[in-house]
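J.: For reference, the chains in residue letters:
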Amino acid sequence: MSYTAILFLLDSSVRLAVPLLLAGLAGLYSERAGVVDIGLEGKMLGAAFAAAAAAAVTGSAWIGLLAAIGVSTAMSMIHALASINMRGNQIISGVALNFLALGTTIVLGDAWFKRGGITPTLSLDQRFGPIELPFVAEAANVPIIGELYVQLISGHNILVYVAFLAVPVTAWVLFKTRFGLRLRACGENPTALDTAGISVYFLRYKALVVTGVLCGLAGAYLSIGQGANFTDNMTAGRGFIALAALIFAKWRPWGLLNTCLLFGFLASLQIRLQGLELPGIGQVPVQAIQALPYILTVVLLAGLVGRAIPPKAIGQPYIKER
Amino acid sequence: MSARTELPRWVTLALMPALNVALAFVIGGLVVLAIGESPLEAIQILMFGAFGYGEGWGFTLHFATNFVFTGLAVALAYQAGLFNIGVEGQAYVAGLALVAGLAVDQIHWSVVLITTTLVAMALGAIWAAIPGYLQAKRGSHIVITTIMFNFIAAAFMSYMLTQVFSRPGANSETETLDAIGRLPLLREFMPFFGRSPVNITIFLAIAALIGVYYLIWHTKLGFKIRVLGQNPNAARYAGISAVSIIIITMALSGALAGMVAVNEAVGVQKRLIIGYVGGYGFVGIAVAFMGRSHPVGVLLAALLFGALFQGGQELNFEMPSVSSDLVVIIQALVILFTGAMSEMFRPALERLFIRAKPPPEKAVAPAPPANQPKSSGEQGSGQ
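Chains as they are written, first to last, in our numbering: chain D, 119 to 440; chain C, 917 to 1299.
Excised from the complex, chain C in its bound form:
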């Protein structure tokens, strides 16, 4: 009774997440209907806003760049069994990299890029490694600690921006980067992108996707991370030090989160503003779960959320009664369905696939098709 009915790989890897995401969109559509607008028209406007013209594409890709970083940050930690809710705070603290960028903005943009990238990654890594250390060494729960660190980051940055680094005459923002030091925008080479803010940081996001994939599946460290995430006991017996893996993974996760500072603060806003992260870190949670913590999935999910953010603003413009915060609802439902209720469709799918396929010859578990489906769905994850 313990074996779970085997579903084809494509069903668990693609169909189930797709159904979960589809359900989130259906409910989002119902909200639009409840407001008294047409969901079909809304999705049309949304898609056109995101992909219908060059500038829309540019904004979509710009948002997606942020979400690749935050999504990878959550996903990498999740591979080690750690739930990093602190990406928002890590990205926020990393924003101080802009101050380092200000120091070198008279030289060349490449110097600014390298300096801010290194500083942002280091700051994000430190802000994430402390909760990692506290989890590994002191046993305090990483979820609670990272939540607390988000709030501590908010207070710390508000102090930094109002008291330490604020521009004379303005409260709560720094000086602006000099024109020489600004990162090139893609529209400078490709007019296709209109007035959109997508900048060269997008290439770093692509590199991060490949790098995380390589790290997780092709290095010793990645192997240790996965073993720890899937079976901490096995990791201990294999002589893997949970303490160092947890701290290293969290540091890497925080470093990825820190890259938001380069794309958003350095690349687009060109100065550091209070609350500049604006929820991108939390979107990373939805992106990681929807993408099943795999770089390919993260890329697709980041594009989807990039499109939602851009299209949502367009939607609000065309249909003023539909707030752009509709995106937050869909984000929440995606987290709920793909993260907490991911097995929702399994019983139904199992029933469907068993009916379609007669019991296999090499039966692992006795599977009488008549009454099996219901009970197997219910106690599948039993042992």
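Isolated chain D (complex conformation):
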């Protein structure tokens, strides 16, 4: 395998990792605050549709992005209402939101655009195009590192850079700010937080707004960044892989980055190995690689290799004593 081919593989890993990373970070805020989020998939899907539909109608990727964030945050607020105020089952609420997005995007897409649930294809200026970082022309002449810079680091759309920037920001927010401390306390021991005079409800709402925004970015990336339109069920389980990545990373931002890159790499490897004969092994069953993230998560959750311990108060509605 040549150096260029390796770079190409890595480049596609990065592209495939970005939606996982954004959705995983979204889940991180929610789950660290003690609210389970099975609904990442649905929020992403709703956002992807909103982004593509709004961008197709207005011709502006930025309005598309706003629509994506709006829809995703609204869905997150439904989840908040059910799981914080009504003290409902957070898992059920998440499941419901996933189906809500699945059905609504097809029904509305079909009714609005009359293409069987697919939105019109966007031209390059209607979506987030690749950004060329400075000095690309100069770097192209430098061997190895220059090629790496040009192929791998430059030339992504803005949401990719936002996603990678969101990792250190999240790490800083989570471990170095007052909000982060309270957020973690909220997921571990909400009663203590309440005793300190901080509203658990309000904090969880704030966390779920962040979740909504990040899922909005993830969805927009799929339909108006990486892709050029919305197709039905285009998230195709990425929300669940993001959830798996979050667990695999033990709810930590840097770990999440590594896990998402690993899962992205597996996905791009799987595309590459399709139909390829390997000496000695024969044809590699792509399905085995497809299933690998899920199998790894099950193995980790079972504590066979390492242990993933979720935030203590996760999934429990908080009931304030009066």
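No wet-lab data here; the hints were simulated from the structure.
Be careful, since some hints might not be right.
Stated by the list, open to error - Pair ranges (Cβ atoms, derived):
{"no.": "1", "chain 1": "C", "residue 1": "R1142", "chain 2": "D", "residue 2": "A406", "range": "35 to 43 Å"}
{"no.": "2", "chain 1": "D", "residue 1": "I276", "chain 2": "C", "residue 2": "I1122", "range": "56 to 64 Å"}
{"no.": "3", "chain 1": "C", "residue 1": "I1122", "chain 2": "D", "residue 2": "G373", "range": "49 to 57 Å"}
{"no.": "4", "chain 1": "C", "residue 1": "A1272", "chain 2": "D", "residue 2": "F320", "range": "53 to 61 Å"}
{"no.": "5", "chain 1": "C", "residue 1": "V1080", "chain 2": "D", "residue 2": "V287", "range": "46 to 54 Å"}
Quick caveat: nothing in here was measured; it's all calculated off a predicted structure.
Just so you know, even glycine gets a beta-carbon here, dropped at the ideal spot from N, CA and C.
Fit chain C to the known structure of chain D by using the hints.
T.: Frame of chain D; chain C shown alone:
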């Protein structure tokens, strides 16, 4: 302050779920309105498509058969406090029972029925028991594990159907069952059902409803399942082994899920196709919550969703601008309202019923009707 205002039984058991479901339909109607069609006309077409003629009835009952199995699977696990989201995957893996059916399809359909039923139930049970074991023994959350198992099932079955059991010349489906081995369709005795696919598996669904009812409320195992579901601590003090109950319940739940293979793959499609389950497992979640995890409720909810699936297709035919995926929206709203927001109407109902009825003589909790309703609704589930 801790006691919740008592509502009559019929209100909590029937009225509240009915209101929740009604709200889901109202919102579904608003979606139809937003598309620019008449919701009333839509519901008319839907009802006629589902119940207006024999063939419609046949399709409705056929879909309902699938939903009885998946609904019971979710409901049974839920009785033990387990949320089995993996019904879809369990039903999918159970589809391999068709391969066993192919081996005996030259003999008689009854042999095919018995063979595929046993194999499907066993495969579903195994696929569900593994997450059960991991939950019981290793403490990994059953919801996450069953979700992962759905995806693993999808990859595994796609491998099986493309590489191992695919029919020569075709990718991603098996051979078709021989005519001798095909399950009888009801229309063979009752022409009323037109060209609909409802088949004798429907009787197994009825048996499953009765069987689950008997199991849960009339056997020792059922008692243990309910105790574990309602109070795991009490179960531990009563000497009930959570480990074995969880594994057994999940296995039974998976076995019920596996029956979809008999009805759908063996009974109707007569061969195994990639992705044959098509979301029936997930509908089971809505059916179980709407039916409050009780067989009678599951039956009613399964009929409703059967009608929605059949009527929805008719609706799409008559009103092309309304996609049949409208059903998915209603399914989602039913799950949301009856599952996650089931107490939504309680405060209002409590206010209504307290106003209608003066404070009872044997008051359990001090209930001054003037300011009680609001606070009691808010902190009802407190202690």
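J.: None of the hints should be skipped; say for each whether it holds.
T.: Now for the hints, and whether the structure bears them out:
no. : hint                          : result
1   : C:R1142 to D:A406: 35 to 43 Å : 40 Å, holds
2   : D:I276 to C:I1122: 56 to 64 Å : 58 Å, holds
3   : C:I1122 to D:G373: 49 to 57 Å : 51 Å, holds
4   : C:A1272 to D:F320: 53 to 61 Å : 36 Å, violated
5   : C:V1080 to D:V287: 46 to 54 Å : 47 Å, holds
In summary, the one numbered hint that this structure violates is 4.
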